[in-house]
Amino acid sequence: MTTQLPPGMHIETVDEKIMTLNVGPQHPGSGHMRLIIKVDGDYIVSCDPDPGYVHRGEEKMAEYRNYIQNIPHLERPVIHDSSNILYPYCLGVEELLGIEVPERAKYIRVIAAELNRCIYILYWLAIYGIFLGHSTMFMWPAGDRELFIDLLEAMSGARVTHAYLVPGGVRNDLPSNFEERCLRQVEYFEKRLREYEAIFYQNPILKARTEGSGILSRTDAIRLGTTGSVLRASGVDFDVRKKEPYDVYENLDFQTIVMKEGDSYARSRIPYLEMFESCRIIKDALKKMPKSGSVRTKLKPNPKGGNDEVYRRIESGRGAIGYYIVSNNRPEPYRVKISVGSFRNLICMPYLLKGEKLGNMPAVYWGLNYWPVEADR
Amino acid sequence: MSSGTDKDVEVKDTAEEHSTSSENTKPDSMSKDEAKKFYEEKGLDLSPDVPVKPKPIPAFEKSLADKVSSKFGDKITVDYVRADRIRVTAKRENIVDVAKFIRDELKYDHAESVSGVDYPDSSEIEVIYHLGSYTDEKLGRQIFALATRVPREDVPNPGSDSTRTPSLRDVFYSVEFHERECFEMFGVYFEGHPDMRRLLLPEDWADIPPFRKDFKIKGR
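Listed in order, the protein sequences are those of chains A and B. Under our numbering, the residue at position 283 of the first sequence is numbered 283, and the numbers go up by one with no gaps. Under our numbering, the residue at position 1 of the second sequence is numbered 1001, and the numbers go up by one with no gaps.
It should be emphasised that the hints constitute simulated quantities derived from the structure, not laboratory data. Quick reminder that beta carbons are idealized off the backbone N, C-alpha and C, glycines included. It is possible that part of the hints are untrue.
[Said to hold, decoys possible] BS3-like, lysine-lysine: derived pairs with alpha carbons at most 30 Å apart: (1) 1062/B / 1100/B; (2) 1218/B / 60/A; (3) 243/A / 1055/B; (4) 1067/B / 1037/B; (5) 1055/B / 242/A; (6) 1067/B / 243/A; (7) 1216/B / 242/A; (8) 260/A / 1138/B; (9) 260/A / 357/A; (10) 1062/B / 243/A; (11) 300/A / 1216/B; (12) 1067/B / 298/A; (13) 1062/B / 1075/B; (14) 60/A / 1067/B; (15) 1091/B / 242/A.
[To be verified] Derived list of chain B stretches under chain A, where covered just means 3 residues or more per stretch with a C-beta under 8 Å from a C-beta of chain A: (16) 1063-1077; (17) 1132-1142; (18) 1167-1175; (19) 1195-1202.
Throw the hints in and build the complete structure from the sequences for me.
Next comes the structure, spelled out in structure tokens:
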């Protein structure tokens, strides 16, 4: 019998030995995305990632709003890292509109971006911990995250969706005594971070599950165009903050963390080590920041971009985020394309999960530092 | 407000009609000098929206673009050469050759993004690949934008109409998912792509590709 199927649908033939599992899109083990996994007994024979469950059309929405109105909704794909996802948008719009950013604002933006990076990594680490059955690693990062959330709340007024970075600088100046408070909390946080090492990263069970699993070679990491911690865990020294420094990153003292193993353990360790670098950046930026001055270049009401286009990128908690903005003499952008790290890393899932045990899927999947909502946009 | 597609039509200054805060908007009756004073008192920037500053063409980027244009001549157009950014438009018949040249001779090794841009006025859709390099130290800052234009049909039938272009998946493996996204959002079929299925949209989506300009958001 032949039936007329809607476009995109097909009837699946069933194999006797192979079973198809839909992991997600509402399964807590995958976040808001579906992995179509075929298993033979306990082993994964193929994996087909199917994102899109939380696709919200951010790029389409951006074509209907002017450059300023776009700020709050563009941070929604990854609210834990909202400063970083807005950063390339602000850089791009500044280039399109020819806006100069005050020096003090550049430092404040870097501090906000690094605080947000830590907030994101801690959130991710909490999820990674709980899916590997390590509930302490859920509680600790979730608790320590509050420190930085409080700091960003003092800066911007909001706890999660800050909308703090705007084209031309930041929305408002730092509160009084911020430097002192920030320094105190960052120093305390560094002490806390060292405790994670013993309880989580030297844990023999974690090592047994992640070391040597889901290996991505250096060649494959480059060929598949991966980014962020996935790329650096495979031995490629690439960080946009170093390679194409934006704002004041070239004046600040930090290094790129690179590991050669390319396995899940290396991928999960790199974000953790990067938090130490983020702390270094914040402390250095607090020291070098001009103590007073303007933090925002005021724009004309409803500014229009010329007949131009721009591609700007930054390094976020999950890899490079690139914005391609096309403008056509209107107050709204003609086209906004967001190329996010999660979407770029999606491509290596079928390779890494093939041959793994189903029970070890969360270790590989969450080790990719993948955020489904960001990939869907 | 409709999505603006008339590039050449002089668009009315929309500052007055859209600005919601009345205190920063000058009354209509003001003369030019009065308006200038008004804005200065408010501390608002009076410079034109896009200041025209001629920038010197950087030498390194120029040398890369020259390599491509000396190889392909009039088959390609160099749209701009700026600091860290080069953009080249190729015809779709040549795009695979140009991409291979960029990979093998210029040492770009991966695609950062593949974007579609819809131009209904000229009945074309532009596909633009942003290429980068991880292996070559000198290219760390560089993005090479390789664009091509494909015909656009008013009544799209994704996969079966003339809106198609050769896939670059064999040249840059990393475009696989990006091209799938471009296919479902713009209806551009990539010939030679091994897995040209939908990615983000629901399986039973039965409307036109949603990122085309004639697909309007409801209520806007």
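Hints, verified against the model:
1. 1062/B / 1100/B: Judged against 30 Å, a Cα distance of about 19 Å means the pair holds.
2. 1218/B / 60/A: holds (12 Å)
3. 243/A / 1055/B: Holds, at about 22 Å.
4. 1067/B / 1037/B: Not OK: residue 1067/B and residue 1037/B at ~51 Å, beyond 30 Å, violated.
5. 1055/B / 242/A: holds (24 Å)
6. 1067/B / 243/A: holds (23 Å)
7. 1216/B / 242/A: violated (41 Å)
8. 260/A / 1138/B: With a Cα-Cα distance of about 22 Å, the restraint between residue 260/A and residue 1138/B holds, given a limit of 30 Å.
9. 260/A / 357/A: holds (23 Å)
10. 1062/B / 243/A: Holds. Residue 1062/B to residue 243/A sits at ~20 Å (cutoff 30 Å).
11. 300/A / 1216/B: holds (28 Å)
12. 1067/B / 298/A: Violated. Residue 1067/B to residue 298/A sits at ~42 Å, over the 30 Å cutoff.
13. 1062/B / 1075/B: Within the cut-off at roughly 18 Å; holds.
14. 60/A / 1067/B: Roughly 36 Å separates the two Cα atoms, so the pair is violated.
15. 1091/B / 242/A: violated (35 Å)
16. 1063-1077: The restraint on the segment 1063-1077 of chain B is violated, since only 0 of its residues have a Cβ under 8 Å from chain A and three are required.
17. 1132-1142: Since 4 is at least three, the answer is holds.
18. 1167-1175: As far as the segment 1167-1175 of chain B goes, the hint holds, because 4 residues have Cβ atoms under 8 Å from chain A.
19. 1195-1202: holds (count 6)
Violated hints, listed in ascending order, are 4, 7, 12, 14, 15, 16; each of the other numbered hints is respected by the structure.
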